[in-house]
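S.K.: Chains as they are written, first to last, in my numbering: chain E, 1 to 115; chain F, 116 to 225.
Treat the hints as calculated values from the structure; they're not laboratory data. We treat Cβ as the ideally placed atom computed from N, Cα and C, and that holds for glycine.
In silico lysine to any residue, SDA-like type, Cα no more than 25 Å apart, as pairs:
| hint | chain 1 | residue 1 | chain 2 | residue 2 |
| --- | --- | --- | --- | --- |
| 1 | F | LYS116 | E | ALA54 |
| 2 | E | LYS15 | E | ASP63 |
| 3 | F | LYS157 | E | ASP24 |
| 4 | F | LYS157 | E | SER9 |
A short list of chain E residues far from chain F (calculated; beta carbon distances all over 12 Å):
| hint | residue |
| --- | --- |
| 5 | VAL12 |
| 6 | ARG22 |
| 7 | GLU68 |
| 8 | THR70 |
| 9 | GLY71 |
| 10 | SER73 |
| 11 | THR76 |
Non-contacting residues of chain F with respect to chain E, defined by C-beta distances greater than 10 Å in every case (computed):
| hint | residue |
| --- | --- |
| 12 | ASN133 |
| 13 | ALA144 |
| 14 | GLY175 |
| 15 | ARG187 |
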Amino acid sequence: GAGVSQSPSNKVTEKGKDVELRCDPISGHTALYWYRQSLGQGLEFLIYFQGNSAPDKSGLPSDRFSAERTGGSVSTLTIQRTQQEDSAVYLCASSLAGGWGQPQHFGDGTRLSIL
Amino acid sequence: KQEVTQIPAALSVPEGENLVLNCSFTDSAIYNLQWFRQDPGKGLTSLLLIQSSQREQTSGRLNASLDKSSGRSTLYIAASQPGDSATYLCAVEYGNKLVFGAGTILRVKS
Numbered sequence: 001g002a003g004v005s006q007s008p009s010n011k012v013t014e015k016g017k018d019v020e021l022r023c024d025p026i027s028g029h030t031a032l033y034w035y036r037q038s039l040g041q042g043l044e045f046l047i048y049f050q051g052n053s054a055p056d057k058s059g060l061p062s063d064r065f066s067a068e069r070t071g072g073s074v075s076t077l078t079i080q081r082t083q084q085e086d087s088a089v090y091l092c093a094s095s096l097a098g099g100w101g102q103p104q105h106f107g108d109g110t111r112l113s114i115l
Numbered sequence: 116k117q118e119v120t121q122i123p124a125a126l127s128v129p130e131g132e133n134l135v136l137n138c139s140f141t142d143s144a145i146y147n148l149q150w151f152r153q154d155p156g157k158g159l160t161s162l163l164l165i166q167s168s169q170r171e172q173t174s175g176r177l178n179a180s181l182d183k184s185s186g187r188s189t190l191y192i193a194a195s196q197p198g199d200s201a202t203y204l205c206a207v208e209y210g211n212k213l214v215f216g217a218g219t220i221l222r223v224k225s
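Chain E extracted, bound-state conformation (with noise of 0.2 Å):
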């Protein structure tokens, strides 16, 4: 594709309510990233996936927080249970190949916001 389109761009939810955030990488790309950009918390990093293997899960912040990626494509970020600071923008990105000095490209992110 031409860009990271993420779905959907903006969601509003309930507190306690799980959500399903989605990223389509740009083909081709073999390494996907998910952040997430709060006030006060700046863009924080949530999960690699170089393939269908996450190898660094460092980032999510607790046991709600999951992601998968198949067919080395589309990527899903859940989050179970969801809590009032979990609003924010989350943001993916994919590159060519983790690391290794290739440039991150972005979509425009999800604004999720819970009441």
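On the provided structure of chain E, position chain F as indicated by the hints.
M.R.: Just chain F now, kept in the frame of chain E:
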């Protein structure tokens, strides 16, 4: 802890001025450093990427330098324009993740 700091936090300049944005990082074991631009409500647009072995990169009116030993990078914008108004983010790659600074909010007045 790997930290990235950007100075100034905000900058307002008249159109046509040359300006410098600063970025510093605590851990010099970097793979590369990337400068991004973010417009309100949008994702990040990559401006320049400097590999750890490089000293600078140029693209149009933008020039970024890297001094890995001192943990510093600067983004130089020549002849600023109102369309340059945005948040500029510095990000350092450590292995498989980017560590971001808090950004510099730039406003160029016409």
